[in-house]
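A.B. asks: Next come the chains, spelled out residue by residue.
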Amino acid sequence: GDSVTQMEGPVTLSEEAFLTINCTYTATGYPSLFWYVQYPGEGLQLLLKATKADDKGSNKGFEATYRKETTSFHLEKGSVQVSDSAVYFCALSDRRGGATNKLIFGTGTLLAVQP
Amino acid sequence: NAGVTQTPKFQVLKTGQSMTLQCAQDMNHNSMYWYRQDPGMGLRLIYYSASEGTTDKGEVPNGYNVSRLNKREFSLRLESAAPSQTSVYFCASSEAGGSPRFGSGTRLTVV
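Sequence lines, in order, name chains A and B. First residue of the first sequence? That's 1 in the numbering used here, and the numbers climb one at a time after it. First residue of the second sequence? That's 116 in the numbering used here, and the numbers climb one at a time after it.
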């Protein structure tokens, strides 16, 4: 079945460092891909998404490009801040569900940014 | 605009007790979902509802029941709680083809 694999954490960086969190997927068909962020004690918030190959999603300085040839959707940010400390989830949607958008999640990557 | 509201935020149950987790959304979304979040496992889909009056099983439905009471509300019931159901439960909703929007979660402990 469909699945998402993302790098294990925690990832610990100093402020202003470059961030990459790797995400690869296995899917039949052409899923949409998502990054969600979870701040401590809160629910998940959509960070960015891409719906087809070569699309780039971006938001708040974060970017990810849908790479069909490598089945990847790596999350990047050029300069992280302490406020970016959170758990990041990569996910794909099972489009075979029709109008619903059932998500399959990776295990999450904890990012800790130190001042 | 409240989005997705879940109640309660925290709950402790004894093994064998029952309870219902409530979820309501005010965005007029057709689809609603229940997920559970466990350490090292990400989020897994329990049940979902494509529209009012319909429900379907997700990846981990055993031990749970759901009710889509109306377009706004989608409840999750544990009939006889077990320690393995200790988890954080998230409700979400989406419009057709849209990105799911999540509530703030219910942290459930079964002792």
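It is possible that some hints are incorrect.
[As the list claims (entries may be wrong)] Looking from chain A toward chain B, a few residues come up when the C-beta cut is under 10 Å (computed):
(1) 10
(2) 13
(3) 101
[Said to hold, decoys possible] No farther apart than 25 Å at their CA atoms in a straight line, the calculated lysine to any residue pairs in the SDA-like style are these:
(4) A:60 to A:15
(5) A:49 to B:165
(6) B:129 to A:27
Calculated directly from the structure, the hints in this document are not laboratory data. Where is the CB? At the ideal position from N, CA and C, for every residue including glycine.
A.B. asks: Return the numbers of the hints above that this structure violates; sort them in rising order.
C.D. replies: 1, 2 and 6
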